[in-house]
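Asks: The opening residue of the sequence shown carries number 1 in the working numbering; numbering runs sequentially from there.
Calculated directly from the structure, the hints in this document are not laboratory data. Watch out, some of these pointers could steer you wrong.
Stated by the list, open to error - Just the calculated beta-carbon pair ranges, DEER-fashion:
1. K104 / N197: 26 to 34 Å
2. A55 / G149: 23 to 31 Å
3. Y141 / E27: 35 to 43 Å
4. G17 / E217: 25 to 33 Å
5. N199 / D68: 42 to 50 Å
6. V21 / N165: 43 to 51 Å
7. S232 / G39: 43 to 51 Å
8. L211 / S232: 21 to 29 Å
9. E27 / K196: 39 to 47 Å
10. S16 / N199: 13 to 21 Å
11. T105 / G39: 28 to 36 Å
12. N10 / D160: 33 to 41 Å
13. E217 / N10: 42 to 50 Å
Just so you know, these numbers come straight off a predicted model, no measurement behind them. Idealized CB from N, CA, C, for every residue including glycine.
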Amino acid sequence: MCSSDLQYSNRPMTNSGCDKVVAYSDEDHIHIGWTEYKGYPEYHYDSYYIRFTTAPSPSWSYYKEVTDQEWDGGKDPDLTVSANKVHYLYKDGSNDTHSRDKVKTSPNWDDPQYIPFTGTSIEYHKPVVANNEINAAFRVYYSSFYYSGAFISNSDRPFDQGFWNENVYLRESEIGYETEVESTVDNKIHFIYYDKNDNKWEHRYLSNSTLSGQKGEIPLVAYPSSTLIANSNDLYLLALGSTSTPT
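Sequences are here, hints too, so could you generate the full structure?
Replies: Shown next, in the form of structure tokens:
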């Protein structure tokens with residue numbers, strides 16, 4: 001059955017080769033980030049933002065090339081929102097991570113800020129809101145002549161001031177396994193990851209820069225694809241993998 005009340009709208013991209021799209025719902029608005037391939041060298045993507053308003057009628061606003069201050073572009077965008085601001089994260093061509101903010105009702109963006117990390121490269125980043133701060137959760141690789149591996153890291157910054165602070169080493173995780181991150185309204189940042197030392201999937205949370213003990217073991221053997229969702233203080237894990245309990 002079709003309804004005449006349904007409305008559709010689209011916004012064409014300037015360039016082809018988009019490799020990531022993220023969206024964040026916020027009342028009657030959807031904040032969208034994406035990449036567009038800009039040509040050789042291979043890493044040269046740019047990252048963009050636009051807001052889609054659903055009511056009273058579909059409309060687009062605040063279009064912006066967020067990485068316009070990066071000479072080699074920016075890729076792998078992600079974003080979240082606080083009460084008054086949009087917080088947008090991306091990697092530059094050297095794989096350093098930056099953040100850039102805007103007031104929700106303004107077309108103007110703050111200057112980019114570098115997010116420090118200790119390690120050789122970042123696998124991913126995800127911004128979440130907790131304790132009146134914007135937090136960036138990392139999976140960081142390290143390597144030396146003898147050893148290599150990965151660990152979970154977190155950086156935080158107040159919404160409206162200051163620079164990023166790095167909470168370096170939270171827990172060592174296994175290379176090649178995904179890590180899921182989400183925050184709850186009680187200001188806890190939750191991690192579901194494969195613990196290298198305990199050799200199993202675990203759930204821990206970060207509260208006021210302190211990592212908790214193991215809160216639960218995840219009954220999955222394979223974990224190739226997953227999504228962690230928070231509703232108030234409840235967590236829901238959607239995962240593609242074996243339902244057998246690890247031995």
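Asks: Sort out which numbered hints this structure fails and list those numbers smallest first.
Replies: 1, 2, 4, 6 and 10
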